[in-house]
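K.L.:
Listed below are the residues making up each chain.
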Amino acid sequence: MNSTKTVIKVGIGDLKIAHAPNAIRTTGLGSCVGVVVYDLPKKIAGLAHVMLPDSQLARNLNVNMMKYADTAIDMLIAQLIENGARKFALQAKMAGGAQMFQFSEKADTMRIGPRNAEAVEKKLVMHHIPIVAADLGGNCGRTIEFDTETGQLLIRTVSKGEKII
Amino acid sequence: MDYLTNLQRDVLKEIGNVGSGNAATSMSKLMNQEVALNAPGLKIIPFEEVVEMLGGAETPVAANMFRIESGAPGIVFFILSIQEADIVVKRFTNQSIFNENNEPNELAVSALQEFANILTGSYLSALSDFTGLKMKPSIPFTSIDMAGAVISEGILEISQRLDYAIVIDTVLVGKEAANQKISGQFLFLPYPDSFSKIFHSLGIDRYE
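Residue numbers (the UniProt record's numbering), protein chains in the order written: chain A, 1 to 165; chain B, 1 to 208.
Be careful, since some hints might not be right.
Facing chain B, a subset of chain A residues (Cβ under 10 Å, in silico) [to be verified]:
#1 G11
#2 T27
#3 A58
#4 M100
#5 M126
#6 H128
#7 S159
These aren't lab readings, by the way, just hints derived from the structure by calculation.
Every value quoted in this text rests on a predicted model; they were computed, and no experiment measured them.
Cβ coordinates follow ideal geometry from the N, Cα and C atoms, glycine included.
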């Protein structure tokens, strides 16, 4: 009870791990998706701030692989297990995937928010990780903070207040 | 892209200067106030720092985004603080930018869009004249929300290829009393392929 709680910050296209009593947060998610994978009894959580759905087009480029849904989730799970999480106990919560600008055209690149969310879901299913709660879509930015002690995910928006999932 | 020569860097800054100079004249006429320009900046920075330029990921901003699809394709943002956006729309509509439910008011947002449209049109027409590349803006896309959320949507195209953005940044500063003063920030983020087009058009694509 004496240890001080710090909040670990995850930037755009980044991922990090937090142990209790610390919390982990990422700010200003728009079309990006914030995905938290955690082992609640062990009080360990990892958070990835995913920008793009698929790393396929980037295979030959020397870029940060943490920004793609498919590669970020593999890396997140590997790091969680290295840090003492148990694969069978992993659960996930996620938020984001909004569309900040109302485009009239329906070009696929303009639907990046929903595509990010789908890609994250697909990858979690592949790893047999249940998605316990999600707050996706819409047209507002979100800041999320995960409490490693309670497993609660706080979601803050500019005009639609706060909620916990 | 760290291999930009000094001359190329100076030219990119000059692009910001020429574009914003023209936009400042338009803003001065529209708002009937004197408008100054801050020295243009050229920044080659990770996405996180693009967001920091606007005060951090959570800072609410009034963002107008334009896509440029011809000439030197890229994204132009014209960004105002909420307070300044409110001054602009009050001048043209006599209404506040938020309605009583704290949601953006439709008429006010369309006035803001038109304002941004005129200024960005001025910005790009000066750029087109300067570079000889025809750059026309798309219709405006407006969002009043967290800076991180709006910027990340604008850098998607760039993020598919790079982990950083090259940002041509200029600030237009109004010279009125604080409660009437308008400042706006232009961020021009050319797509990676556009730089060689700009340099080629200006005849500086080779080292001397």
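K.L.:
Was the hint right that A:T27 lines chain B, CB cutoff 10 Å?
P.N.:
holds (4 Å)
K.L.:
Verify the interface restraint on A:G11: the C-beta must sit less than 10 Å from at least one C-beta of chain B.
P.N.:
holds (5 Å)
K.L.:
Hint A:S159 vs chain B: min CB-CB distance below 10 Å?
P.N.:
Result: holds, 6 Å to nearest chain B Cβ.
K.L.:
Taking the least C-beta to C-beta distance, is A:H128 closer than 10 Å to chain B?
P.N.:
Result: violated, 30 Å to nearest chain B Cβ.
K.L.:
Taking the least C-beta to C-beta distance, is A:M100 closer than 10 Å to chain B?
P.N.:
It holds, given that the least Cβ distance between A:M100 and chain B is near 5 Å, below 10 Å.
K.L.:
Grab the minimum C-beta distance from A:A58 to chain B and call the hint holds if it beats 10 Å, violated otherwise.
P.N.:
holds (7 Å)
K.L.:
The hint names A:M126 as touching chain B; please verify it with the least Cβ-Cβ distance against 10 Å.
P.N.:
At about 23 Å, which exceeds the 10 Å cut-off, the nearest Cβ of chain B leaves the hint on A:M126 violated.
Comparing the model with each numbered hint stated earlier shows that hints 5, 6 do not hold.
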